[in-house]
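Visitor: In order, the protein sequences belong to chains C and L.
Per numbering that gives the first Met the number 0, the first sequence runs over residues 0 to 204.
Per numbering that gives the first Met the number 0, the second sequence runs over residues 0 to 158.
Check each hint, because a few of them may be wrong.
To give a feel for the contact side, a few chain L residues facing chain C, derived at Cβ under 7 Å [claimed, not checked]: (1) P94; (2) N96; (3) T100; (4) I109; (5) I118; (6) V127; (7) K130.
Note that these hints are calculated values from the structure, not bench results.
Where is the CB? At the ideal position from N, CA and C, for every residue including glycine.
Letter by letter, the chains look like this.
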Amino acid sequence: MFNISESTNSNLKQWIITLIIIFIIFVLVLVLTVKSGKKTNKPRKQSKIKEMDIDPISLKKASEEALNMATDQMISKYKVQFDSQLKMNMLQLDQTFRTSLESITKEFGKSLEDFRVKSQKIAEDTQAKMLTSSTSINSATQEAVSAKKDEVVKKVEDRLNNILVSYLNNSLEGTIDLNDQEDYIFEKLEQNKAAILEDIKNVGV
Amino acid sequence: MSEYKLKGLPKQISNLAQIYQLISFIDSAISEKRSVEAANKAGIKAKITKIELPEMMQYFFEDSIEWNHLSELKKQLEAIISSSPTVTLTLSGIPSNKFKTKMVSWLRTINPFVLVEIIVDESIIGGVILKTDKKRIDLSISSVLLGNKDSIKGILNNV
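Isolated chain C, as found in the complex:
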C-alpha cells in the first residue's frame, strides 16, 4: 500500500509539472502570438500578414489543439507509465502478499505443530498420571478391602470362638470330672516336662 501511495504521489507531481510546462508553453505561444500581432503594425510585415491572411481565431484554435494534443500525449504517456507502475506495484504487492502468506502459513504451521506437540505431551503426561493414580488407587483400594476383610474375618472368628467357648462352657461346665481328665492331664504334663523342668529344677532349699 505504501508503494502505491508513493507511486501515485509521484505521478501526480509529474502531472502537475507537465501541466505547468504546458501552461508555460501556452503562455509563451500566446506572448509570441501577441508580439507577432504587434509587428504586423509595421507596414512591411503587415502586408505579409495580410498576404498570409491568417485568422487569429484559427491560430488560437490551433494552439489549443496543439496544447490538447500535447496534453493527450502526456496523458497517454503517463497513463502508460501509471499502468506500468500500477502493474509493477500489483506484482510487488502480490509477491509481498504471497511471501507474507507463506510466512504466516509457515509460522502458523509451526505454531500449530508446537501446539500439537505440547498438547500431545500434556495428553501423554495426563494419561501417565491417570494411569499412576489409577494404579495407586487400585492398590490402595485392594489394601483397604484386604484389611477390612481381615478385620471382619478376625471379628467373626473371635465371635465364633467366643460363642463356641461359651457354648462349650455352658454345655460342659462341671460335667467333665477331673478324675476323668487325669490321664489327659498327666500325658500333657509329661509332654511338657522339659519346659516345666527348666523353671523349677534346682531352685529351692
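Position chain L relative to chain C; hints supplied.
Guide: Just chain L now, with coordinates in the frame of chain C:
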C-alpha cells in the same frame, strides 16, 4: 542329738498356707517348752505335756520327735518359703485329695521342694494351665479349641 535334714517336702504339704501353719505350730510348741523350762528353773514343778502332733507334722516325723528337730525344721521351712519355686495349677474343677497328691508328687519328682497352688477356673473346660514365675504353659481344652483359629479363618476366607 541327731541332725534333722529335710530331703523334700511331703506330698501332702503342697502350698504356702500349710507351711505357715507348720511354722506356727512349731513356734507354739517351742514357746510352751521354754515356759516349762523357765518354770522349772524357778523351782516350780512343771511338766511338758505330750505334744499332740497335728496330722501335717506326722508327715515329717514318723516315730519320735526331738525338740531340736523342730527348730531345724522351722529354719528349713522358712528357707523353703523364701527360695522354693511355686507352681500354680489352674484346673476346671476342685481336685480330689488323691488327684491333688498325685499332681504334687509328679511335680516333686522335678523339684522335691516345689510349692503348688491350685486355682479352679471352669472356663478352661478341662486340662490344666501350669504357671511358674517365668512361664505359662496352657494345656487346657479351651486353648486347644481356640488354637484352631486358622481352620476357622480358612473356612471364612473361602466364603
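Visitor: Could you run down the list of hints and mark each one as holding or not?
Guide: Structure-based check of all given hints:
1. Checking L:P94 against chain C: minimum C-beta separation of about 5 Å stays under 7 Å; hint holds.
2. At its closest, the beta carbon of L:N96 sits 12 Å from a beta carbon of chain C; the interface hint therefore is violated under the 7 Å criterion.
3. A least Cβ separation of about 12 Å between L:T100 and chain C goes past the 7 Å threshold, and the interface hint is therefore violated.
4. For L:I109, the interface hint holds, since its Cβ comes within 7 Å of a Cβ in chain C; the closest pair sits about 5 Å apart.
5. Taking 7 Å as the C-beta contact cut-off toward chain C, the hint placing L:I118 at the interface is violated, the least distance being around 13 Å.
6. Contact between L:V127 and chain C, as hinted, is supported at the beta carbon level, the nearest pair being about 5 Å apart and thus within 7 Å.
7. Hint on L:K130 is violated. Least Cβ distance to chain C is approximately 10 Å, over the 7 Å limit.
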